[in-house]
Amino acid sequence: MENKALKYDQDKVRMELVPMSSIENIAKILTYGAKKYSDNSWQGLDNFWNRYKGALLRHLAAIDKGELNDPESGLPHIDHVFCNAMFLSWGFHHGKGIAIEEKDLDNE
Numbered sequence: 001m002e003n004k005a006l007k008y009d010q011d012k013v014r015m016e017l018v019p020m021s022s023i024e025n026i027a028k029i030l031t032y033g034a035k036k037y038s039d040n041s042w043q044g045l046d047n048f049w050n051r052y053k054g055a056l057l058r059h060l061a062a063i064d065k066g067e068l069n070d071p072e073s074g075l076p077h078i079d080h081v082f083c084n085a086m087f088l089s090w091g092f093h094h095g096k097g098i099a100i101e102e103k104d105l106d107n108e
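Under this note's numbering, think of the first position of the sequence shown as 1, with each following residue one higher.
Nothing false has been slipped in among the hints.
Straight-line alpha carbon distances no greater than 16 Å define the calculated EDC-like cross-link-like pairs of lysine to aspartate or glutamate that follow:
no., residue 1, residue 2
1, Lys36, Asp70
2, Lys28, Asp39
3, Lys36, Glu72
4, Lys28, Glu72
5, Lys96, Asp46
6, Lys35, Glu72
7, Lys28, Asp70
Calculated from the structure, these hints are not laboratory results.
Nothing here was measured: the structure is a model prediction, and the numbers come from that model.
When you get a sec, could you build the whole thing from the sequences and use the hints?
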C-alpha cells in the first residue's frame, strides 16, 4: 500500500509569491545602511514615521526628476523607496506612531 504525502499549508502565507530579486534588492539597501550606520539601527530612529516618510518621498521625487540611482549609495532610488516603505510598515506594526495631520482626518 502506497502512502500519499500530505501537507496542510493552504491557509498559510504564500512566501513563495514574493520575488527573490526584490528581497535581494532590499537587502542591498539594508546592507548599505548597516555599513553606513549599524545593523538594524533604523528601528530606533526618533520621529520614526515622519523621517522615513520624508526619505521615501525624496527618493520618489528624485525618480520623477529623472534620476534613477541614488548618487550616495549608487543603488536605484526605487529600491530605497521599497526599503523606506518596509520601514514604515514595520513601524506601523511595532507602535512607532503614525503622524497624521488633523486636516487629513475625516471630520464628519
